[in-house]
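Engineer: Below are the chains, spelled out letter by letter.
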Amino acid sequence: MNELFEVLFSINTLTATLRLATPIALAAMAGTVSERAGIINLGLEGKILGGAFAAAYASSLTGSPWLGLLAAVAAGMAMGGLLGLFAIRFRADHVVAGVGLNILMLGLTGLLMQVIWGTRGASPTVPALPTWSIPLLRDLPVLGPLLGSHTPLVYLMLLAAPLLWVWLFRSPAGLRVRMIGEHPEAAATVGIRVQRMQFRCLLLAGALAALGGAHLSLGHLSWFSANMSAGRGYMALAANIFGQWNPLGGALAAALFAFTDALQMRIQTLQIPWPTELVQMLPYGLTIAVVAGAVRRARPPAALGRHYGPDGEG
Amino acid sequence: MAVSPPEVHGPYAIQLRGIVKRFGPVLANDRIDLDVLPGEIHGLLGENGAGKSTLVRILFGLCPKDEGEIWVGGRPAEITGPAHAIRLGIGMVHQHFMLVDRLTVTENLIAGMEPIRRGLIDLKTARQQVEQVARQYGLAVDPDARVEELSVGEQQRVEILKALLREVRVLILDEPTAVLTPQEVDELFRVMRALKAQGKTLIFITHKLREIMAVTDRVTVLRNGRKVGTVRTAETTPEELAQMMVGRKVILRVGRSEGRPGPVRLEARGLRLAGRDGRLRLRDVSLQVRAGEILGVAGVEGNGQLELEDVVTGLRQPTAGQVWIDGRALWPGPASEPGPRRFRRLGGAHIPSDRSRRGLVPPWPVSRNAVLGRQREAPFARRGLLRFQPIRRHAEAIVERLQVRVPSLEAPAAALSGGNQQKLVVGRELAFEPQVVVAAQPTRGVDIGAIELIHQALLRMRAAGKAILLISAELDELLALSDRLVVLFEGAIVAEGRTEGFTEAELGLLMAGGAGRV
Numbered sequence: 001m002n003e004l005f006e007v008l009f010s011i012n013t014l015t016a017t018l019r020l021a022t023p024i025a026l027a028a029m030a031g032t033v034s035e036r037a038g039i040i041n042l043g044l045e046g047k048i049l050g051g052a053f054a055a056a057y058a059s060s061l062t063g064s065p066w067l068g069l070l071a072a073v074a075a076g077m078a079m080g081g082l083l084g085l086f087a088i089r090f091r092a093d094h095v096v097a098g099v100g101l102n103i104l105m106l107g108l109t110g111l112l113m114q115v116i117w118g119t120r121g122a123s124p125t126v127p128a129l130p131t132w133s134i135p136l137l138r139d140l141p142v143l144g145p146l147l148g149s150h151t152p153l154v155y156l157m158l159l160a161a162p163l164l165w166v167w168l169f170r171s172p173a174g175l176r177v178r179m180i181g182e183h184p185e186a187a188a189t190v191g192i193r194v195q196r197m198q199f200r201c202l203l204l205a206g207a208l209a210a211l212g213g214a215h216l217s218l219g220h221l222s223w224f225s226a227n228m229s230a231g232r233g234y235m236a237l238a239a240n241i242f243g244q245w246n247p248l249g250g251a252l253a254a255a256l257f258a259f260t261d262a263l264q265m266r267i268q269t270l271q272i273p274w275p276t277e278l279v280q281m282l283p284y285g286l287t288i289a290v291v292a293g294a295v296r297r298a299r300p301p302a303a304l305g306r307h308y309g310p311d312g313e314g
Numbered sequence: 001m002a003v004s005p006p007e008v009h010g011p012y013a014i015q016l017r018g019i020v021k022r023f024g025p026v027l028a029n030d031r032i033d034l035d036v037l038p039g040e041i042h043g044l045l046g047e048n049g050a051g052k053s054t055l056v057r058i059l060f061g062l063c064p065k066d067e068g069e070i071w072v073g074g075r076p077a078e079i080t081g082p083a084h085a086i087r088l089g090i091g092m093v094h095q096h097f098m099l100v101d102r103l104t105v106t107e108n109l110i111a112g113m114e115p116i117r118r119g120l121i122d123l124k125t126a127r128q129q130v131e132q133v134a135r136q137y138g139l140a141v142d143p144d145a146r147v148e149e150l151s152v153g154e155q156q157r158v159e160i161l162k163a164l165l166r167e168v169r170v171l172i173l174d175e176p177t178a179v180l181t182p183q184e185v186d187e188l189f190r191v192m193r194a195l196k197a198q199g200k201t202l203i204f205i206t207h208k209l210r211e212i213m214a215v216t217d218r219v220t221v222l223r224n225g226r227k228v229g230t231v232r233t234a235e236t237t238p239e240e241l242a243q244m245m246v247g248r249k250v251i252l253r254v255g256r257s258e259g260r261p262g263p264v265r266l267e268a269r270g271l272r273l274a275g276r277d278g279r280l281r282l283r284d285v286s287l288q289v290r291a292g293e294i295l296g297v298a299g300v301e302g303n304g305q306l307e308l309e310d311v312v313t314g315l316r317q318p319t320a321g322q323v324w325i326d327g328r329a330l331w332p333g334p335a336s337e338p339g340p341r342r343f344r345r346l347g348g349a350h351i352p353s354d355r356s357r358r359g360l361v362p363p364w365p366v367s368r369n370a371v372l373g374r375q376r377e378a379p380f381a382r383r384g385l386l387r388f389q390p391i392r393r394h395a396e397a398i399v400e401r402l403q404v405r406v407p408s409l410e411a412p413a414a415a416l417s418g419g420n421q422q423k424l425v426v427g428r429e430l431a432f433e434p435q436v437v438v439a440a441q442p443t444r445g446v447d448i449g450a451i452e453l454i455h456q457a458l459l460r461m462r463a464a465g466k467a468i469l470l471i472s473a474e475l476d477e478l479l480a481l482s483d484r485l486v487v488l489f490e491g492a493i494v495a496e497g498r499t500e501g502f503t504e505a506e507l508g509l510l511m512a513g514g515a516g517r518v
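Respectively, the protein sequence lines represent chains A and B.
When the first sequence is numbered by our numbering, its final residue is 314 and no position is left out of the sequence of numbers.
When the second sequence is numbered by our numbering, its final residue is 518 and no position is left out of the sequence of numbers.
For reference, chain A alone in the conformation it holds in the complex (with noise of 0.2 Å):
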């Protein structure tokens, strides 16, 4: 038994769990950015998916993973801008919005793929991005292995948690934003333009949670396949929750699904007569555990999911 828990929680785990937990806690923080300013991010998922998509396609094209990363935040801005175009231009309701989101890129991805790589299931190797090895910091006992080597997605994460932080808590723009989740008029008559804001927002969501998804084609793996978001998305928006609506929140809670699911893959290589069907379920079934939990003590801004006018209606 004492072997085993060596295996389960040996730095090799942990190093998955920094890698799996990347897409999640960038489109966590997503997450926190857009419903900081009032808008409900159900659309994370579809937003994963066309990122890793984006990412794949001009890294094939192209030859270079770098514009690669750059037709992800591309994507993921569009997608943000077609986000704010309905739930914050045209008043949709937000989960409506954002679910629709989520369908259209499932089934435009799978449509671009047949059009372009003539498949239905993955495809072929696109260049991936080279994995970093950090000088110095590859060196140090324990953090080293941990920390010394990932991709460049891997660090960005890793540093967007704490600049989002400071952002959001200490930066006159993300005072406003706070604002305007909370109290969108009272956030108008000091001055702040509320929509123009939130629609920000939505960009820089939506270029976080791509990129999280171009973690998935060109860093976990190097290709994109079908549905490869995997519901990531909708561990993101909990762990978003269970993080309180708060950048470093998100991302610690996203690496606890993430070590489930480095935990699950780790047990599937060890001879435990486990049923894999169940095995595999832990991520899932702990974000729906936390979530349950979480929500009770959770306390989202006043305003998320209502919409502004300028004349107050609605």
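All the pointers check out, no bait thrown in.
Not the full set, but computed from the structure, chain B residues with beta-carbon under 8 Å of chain A: (1) ALA83; (2) MET98; (3) LEU99; (4) VAL100; (5) GLU107; (6) GLY112; (7) GLY119; (8) ILE121.
The following label-pair restraints were derived from C-beta to C-beta distances: (9) A/GLY121 <-> B/HIS96: 51 to 57 Å; (10) A/ALA298 <-> B/GLU400: 49 to 55 Å; (11) B/ALA414 <-> A/ARG120: 48 to 54 Å; (12) B/ARG357 <-> A/GLN268: 52 to 58 Å; (13) A/LEU104 <-> B/ALA512: 53 to 59 Å; (14) A/ARG296 <-> B/GLN317: 20 to 26 Å; (15) A/GLY285 <-> B/SER336: 38 to 44 Å; (16) B/PRO115 <-> A/ALA122: 50 to 56 Å.
Read the hints as simulated data drawn from the structure, not as lab findings.
None of these values were measured; they are calculated from a predicted model.
For each residue, glycine too, the CB sits at the ideal point set by N, CA and C.
Given chain A, put chain B in place with the hints provided.
Structural biologist: Same frame as chain A, now just chain B:
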């Protein structure tokens, strides 16, 4: 529409000329002129729906005007939004505070004009700015408190500070007294006079004559979207203002004849109600209402009124205690019959405090709203189907008796003004010959004319030997109608007695948690 330009712009702080605003077919503002002198407290008086709020929303840039001109400090201005209004030196204290509960006082105050140091908010400087302005105007607040921890009066102070921090010269106060206790109102008036002394111009909106008389220099009266006139406060009387407001003579206080209370009809014993967090919202509340008697329940909102209303109307089961109507038990009662249905079966009528959420189904036609709660009974239903002819006849009778102004019986209740909605609710509840009436905030947000009618309707019920429990935040109303009063504070009755035995000041003190007296 040709508008004659004002003669002189110089001496005025604000001048509005020929302001027109339409909402669909409704003319909310019909060529309104307003002249505000610098350094005065200018009252804006009118019933609900007279166009006061629309007018100041236009002035503050919250709502675009259709026609007319605005002059600020002698210069024409096209105000594009609140930010622009603030730049022009106009601030506003909103009826529903524009504050974020979860943020601190300082964060609320500086949002939109944050002092910055190295790209981040300079909280130290921000706090100093807040403290400095608070000191200058004598408005003490804790800059680090979260807004949700503050009392309503303190929150209003923060709202005023928000405008002062932005160095406004003109401050609009939109129904600022509606949410305050009498003591807090006095404090607000003190602050208003202090601001005036420091050279600020104030526009004070209210529909309460007493407040206009107490604090303003001049008053402009609006009625049905039009300006009736501007008068000097010192040269007018409440009666004259009331007449300007309503357009006819109004009885400001309905007469209450000497009562002859009969046997007890509504009785509550030892009511306790625990909230979801386990805190007691009602603490051993006992009361009796006799036939032909109105018992008033006074208190600052949030001290158990809503819970009391819910329990005595059967909506919520008390944690402990009993409620009896004419000697029959409402609580405890069998789980098989919903409380509200039992309440009605025992002869109860309920005028709920929140008419749009509990009193009416706003999208439904007036006619169907007129039978809510009795829709199962003859003649409104037969063999499980509604019968529209009797329903309409019933609605017609109510509309006529209480002079409810409706476009048609089939118009949605939402299309009615607040006062007419309330008259519809009152008419419906009193139409079924109830024995016990629970009236909660029966005149909230209702114009003077409708108040008069509703008060008369309640007094008629009293004369007919019904028992009436009147829960109200309006002291004037309680004093005018009630035979006896109880005061609720933090869920407990802290005082009880005949209405004549209380002075207004005493009641204010009791409501604020001052010494109890039973």
